[in-house]
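Place chain B on chain A using the hints.
2 protein chains.
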Amino acid sequence: MILGVLGGGQLGRMLALAGYPLGMRFRFFDPADEVCVDDIAPRVRAAYEDVDALAQFADGVDVVTYEFENVPVDAVRALEARGARLLPPLVALDVSQDRLTEKQFLNGLGIATAPFAAVDSAEGLRSAVATLGLPAILKTRRMGYDGKGQAVLRSDADAEAAIAAFDGTPSILEGVVPFARELSVIAVRGLDGAVVCYPLVQNWHHDGILRVSRTPSPVVNALMQADAEYAARRVLEALDYVGVLTIEWFEHEGRLVANEIAPRVHNSGHWTIEGAATSQFENHLRAVTGLPLGLPQALGVWAMVNLVGTPPPLETLASLSGAHVHMYGKAPRTSRKVGHVTLCAVDEGYLDARLAELLHVVGIETGNTARA
Amino acid sequence: MILGVLGGGQLGRMLALAGYPLGMRFRFFDPADEVCVDDIAPRVRAAYEDVDALAQFADGVDVVTYEFENVPVDAVRALEARGARLLPPLVALDVSQDRLTEKQFLNGLGIATAPFAAVDSAEGLRSAVATLGLPAILKTRRMGYDGKGQAVLRSDADAEAAIAAFDGTPSILEGVVPFARELSVIAVRGLDGAVVCYPLVQNWHHDGILRVSRTPSPVVNALMQADAEYAARRVLEALDYVGVLTIEWFEHEGRLVANEIAPRVHNSGHWTIEGAATSQFENHLRAVTGLPLGLPQALGVWAMVNLVGTPPPLETLASLSGAHVHMYGKAPRTSRKVGHVTLCAVDEGYLDARLAELLHVVGIETGNTARA
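Each protein sequence line maps, in turn, to chains A and B. So in the working numbering, spot 193 of the first sequence is number 193, and the numbers just go up one at a time. Just add 372 to wherever you are in the second sequence, counting from 1, and you've got the working numbering.
Bound-form chain A, shown alone (with noise of 0.2 Å):
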């Protein structure tokens, strides 16, 4: 079984890492100079505009997959052309890549997300903020991740800058939830239709990137849990989705206000490769081949830290009891998540204190990621 996966960062690594004990073999495609899959799998690299280096890279694939949400949908048309089997299927990533399809997507399955107005002009975009009201964030429909191509307006200031500044890129304003915390719930469909789901995820931004997530989430209760998995469920059949699916929560007075959905493994999942009985990364390569889904629950207390920018030395972050670490094999860039550490504990207050140890070292103020 040889598996074809498009993009070759971190999540592709640990796609790779999670199937080489199940005897899968990978082919990665990617672009880019150096890739994290570079010391661990055969790539292709080649612009996904390059037809002929998709053909070469999906010759003798048993089935194709991502693990990045802005695939270009031609390149998905030129593999799928070619006789190529795409999991899960094209119509998730047209869903995903335009934030304004995303939330009509949801609000038509019933599944709550922030106020809306799409931007086409610098008048609509005057219009909308009338509509909603400030503060409210500009984002292009697509494109964006980790904050990037986002703006917050808080100010009447802001707005007229933004006004003035229109370039006519196809966008969104999205009203502000002002939420009591972000959560998150990760959910698998086989082949079959089977559907499992992980546990809520709790998670800390900071600048946009994802810093620290905690699971099971300290105070979420069964009936927020069984209302993720219920949306979640909706999503993946509506799609008929087979994969991993993400789906990012706003928690507003008691209820769950979807963000945005990602069609792929998921950061806030990364706890799962030691934490839960089956990690995030096999229950995709699970669901994308047709075997049958591996158990989501997990085992004990964890939380995951994302290593940004230049890292604590490997030994510092080795000498941490219960630490595991990961690293992805990328050059130290501001900004830029070069690794995670995983902590595990069997109750909250040993995870509180691990926690605290870890924060510490990799430079992470505690205030903003104390239980809620």
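These are computed hints drawn from the structure, not numbers from a lab. Among the clues, some could well be false.
[Unchecked claim] Partner residues are not named here, just some residues of chain B that face chain A (Cβ under 8 Å, in silico):
1. L389
2. P393
3. L394
4. G395
5. I412
6. V416
7. A649
8. R658
9. L663
10. P664
11. E687
12. S691
13. S693
14. G694
15. H698
16. G701
The beta-carbon is built from N, C-alpha and C at its ideal position, and this holds for glycine as well.
Showing chain B alone in chain A's frame:
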């Protein structure tokens, strides 16, 4: 950090899979046509006598380690002559490659073994049989593993046949220990001299091949664990050892009798990948690269079943609740280990039920792996 590994079998494969998350890179050396690491890491394919190939292998490597104990000592000397650093140290190979030296070494540390006698001639064998009695096991001093190079002498006729057939290969005759159980302890010593030991594992063999391991061994008591750890510490310190070392034991009348030493990660420690706070593979890598050792504690209770010969379909194995499947990328062949499955559980009763199911699927009779 680049590690050179002599041997590219499944133990090497699992070392690499444990090292990638730590940001380590690997280069293997193995003369075989196809080896388990070929999909996942670069390999130098050459004979151990090929000094140029060894030099190419060692070039730019930070440390050289090995995944099997029958590494030709001359190859190691050639590597060391070129400045390569070998860990575990050469003396560990010297001791463990020769069954006579090994037993003398253990006895010299006050660690009990089966009674034994060196055998170098037909007359010597006759005299050894007279001294030790029957049954006894005739083993070559070198190059035996998984029951190869061994003959059990049960009767006078067996002994006479062996005496007549004796070809002068340096050998050892061992008295048979009428053991109640077979156990093993996996111990690790860091570059700084720190030692950690995993819980004793109970092992079941068939035709000389390990079939099932289980931990924590159901009726091992704290004293026996302490005895095993004390012995392991003496062995590690006597060899100024760095890395993972395994001691296999017989339990006889409530006491531990050493069977053999393996200066490497071990099949009976595969459960540690999912079952311990730090796996044997990661701890070996931590040791030989000078990182602090990780915790060896078991999380829950665990069993491991080897897949020998033609394995059941992956679909079947993946459908077993709580099963972690590890395939080595090997073509099936009689008596060949092609993978293993680890089962996790929170209590013995649940583990018993899951293990019975797995053994049925694998086609192993359950009688000889019942709880002792």
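These are the hints, each one checked on the structure:
no.: 1; hint: L389; verdict: 6 Å, holds
no.: 2; hint: P393; verdict: 4 Å, holds
no.: 3; hint: L394; verdict: 6 Å, holds
no.: 4; hint: G395; verdict: 3 Å, holds
no.: 5; hint: I412; verdict: 6 Å, holds
no.: 6; hint: V416; verdict: 16 Å, violated
no.: 7; hint: A649; verdict: 6 Å, holds
no.: 8; hint: R658; verdict: 6 Å, holds
no.: 9; hint: L663; verdict: 5 Å, holds
no.: 10; hint: P664; verdict: 4 Å, holds
no.: 11; hint: E687; verdict: 6 Å, holds
no.: 12; hint: S691; verdict: 4 Å, holds
no.: 13; hint: S693; verdict: 7 Å, holds
no.: 14; hint: G694; verdict: 6 Å, holds
no.: 15; hint: H698; verdict: 4 Å, holds
no.: 16; hint: G701; verdict: 6 Å, holds
Of the numbered hints listed earlier, the single one contradicted by the structure is hint 6.
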